[in-house]
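Undergrad: Start from the sequences and build out the full structure, keeping to the hints where you can.
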Amino acid sequence: MIESSDIETVLECVGKTGVWMTACRAVITSHYIANFNDDQDQEINHDNEINKRKKEFELKSMEILKKKKDLINLTDKRMEIKYPTKFHFDPYSLYFISQLDTKDLILKTYDHYFNTMYDKEYKSLDQETKSLSRQELRKRELDKIENNFHSVLSWTDLMGTHIYYGVALRTHLIDQVFLDSYQHGIKQFVLFGSGLDTRAFRLALDSECTIFEIDLPGVIQFKKTAFREAIYEIPRASDCQVKYIPCDLLKQDWIGLLKQSGFESNKPTLWISEGLFQYLNVSAIESIGQQVQENSAPQSKYFIQTLMKTAPDAPPYPAHHEDALKMRANTVADEFQFTLLPDAKEYLIKHGFSSNIQQSFEMAEGFTSLYSFGSNQ
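Be aware that the sequence shown starts at 1, since it is given in UniProt numbering, and climbs by one per residue.
These are calculated hints, taken from the structure and not from any lab test. Please note that a few of the clues may not be correct.
Distance condition first, Cα-Cα at most 30 Å in a straight line; then the derived DSBU-like pairs of lysine-lysine [claimed, not checked]:
(1) K187 to K224
(2) K108 to K144
(3) K350 to K243
(4) K144 to K123
(5) K69 to K52
(6) K350 to K251
(7) K259 to K350
(8) K69 to K16
(9) K224 to K243
(10) K120 to K103
(11) K139 to K103
(12) K139 to K120
(13) K103 to K69
(14) K130 to K144
(15) K108 to K69
(16) K66 to K54
(17) K103 to K259
(18) K52 to K243
(19) K103 to K66
(20) K130 to K120
(21) K187 to K60
(22) K243 to K54
(23) K345 to K187
(24) K224 to K267
(25) K16 to K144
(26) K77 to K130
(27) K144 to K120
(28) K77 to K55
TA: Structure representation (structure tokens):
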């Protein structure tokens, strides 16, 4: 177990939402394992080398994880909740989240949002639940978490199903951007605000590839510590090099540090900004765009994922019966900041990535996740 001071460092650096994302990936991975079967495996084209390595990685990892009840418990009743099973497999997220002492974090988060959830959902509660007072219900739900704590599955007591669907979709989409870029010859990847990202370890990239991860020193130090046990037990699917760049994007010469670590601006690069721009001001976003433009060889690509406020009349995400008194996207809207970037498409064009621009949206309650992707040739 990582000392509590380290979780405080991680929370300070990546925020609660970064930890929540990792927890969601761990839960989704548990359900992927529980629902994996031969029929699902037949859907994969094993003639493709990437898919062959993916299958080998998954099967070996599953065999190991099924023996570790502290990471995964397939007989727990919470495994009966229906989550997406085909989108995402990240065994390392299980190790990340289990290395953190998150029990108090889950309890405090649930307690903090209980009144909001109660007020929003009271009318839809069943009669038995309505018969309890607010305080009785609060105590019942907190006791349930306290008495049945599991480092991974207790997150299902906290967050509703639609949050997991959103995380699965987002992770799967960006994985595909990585692999498509790799298959089109890109061997150099830069992740801004990489946080607890695991693509350098679980994607089947060859030894000619290098992934540069830029984030604050506290995050990178925690990541290295948490990965020690994980990589020892579950060898990487990837043969790529991973270079960590511990720095503050807003205060340090990150492009200089990148080049010192072996980045070559004459090679095509995939630049990834996932969930970062909503925390930066316009000046910082423009500065990053300018540096990316100046250091991108032809055939480079730039991918941005960020959040925008959703119009009040946008259709709500349908709730599942398992979601009663659990956090939904609109419950935790105050935890998110929303991008000041007025137009992601115009931003890509302005900074030279005007070719084959693609955009997609994922609508949640209160905000929309925007995915924007362009090439410079």
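Undergrad: Hints first: check each against the structure and report whether it holds.
TA: Now for the hints, and whether the structure bears them out:
no., hint, verdict
1, K187 to K224, "holds (23 Å)"
2, K108 to K144, "holds (14 Å)"
3, K350 to K243, "holds (29 Å)"
4, K144 to K123, "holds (22 Å)"
5, K69 to K52, "holds (28 Å)"
6, K350 to K251, "holds (24 Å)"
7, K259 to K350, "holds (24 Å)"
8, K69 to K16, "holds (25 Å)"
9, K224 to K243, "holds (11 Å)"
10, K120 to K103, "holds (25 Å)"
11, K139 to K103, "holds (16 Å)"
12, K139 to K120, "holds (18 Å)"
13, K103 to K69, "holds (17 Å)"
14, K130 to K144, "holds (18 Å)"
15, K108 to K69, "holds (25 Å)"
16, K66 to K54, "holds (18 Å)"
17, K103 to K259, "violated (41 Å)"
18, K52 to K243, "holds (26 Å)"
19, K103 to K66, "holds (22 Å)"
20, K130 to K120, "holds (13 Å)"
21, K187 to K60, "holds (26 Å)"
22, K243 to K54, "holds (23 Å)"
23, K345 to K187, "holds (25 Å)"
24, K224 to K267, "holds (27 Å)"
25, K16 to K144, "holds (22 Å)"
26, K77 to K130, "holds (24 Å)"
27, K144 to K120, "holds (21 Å)"
28, K77 to K55, "holds (28 Å)"
Checked against the numbered hints above, the structure breaks only hint 17 and satisfies the rest.
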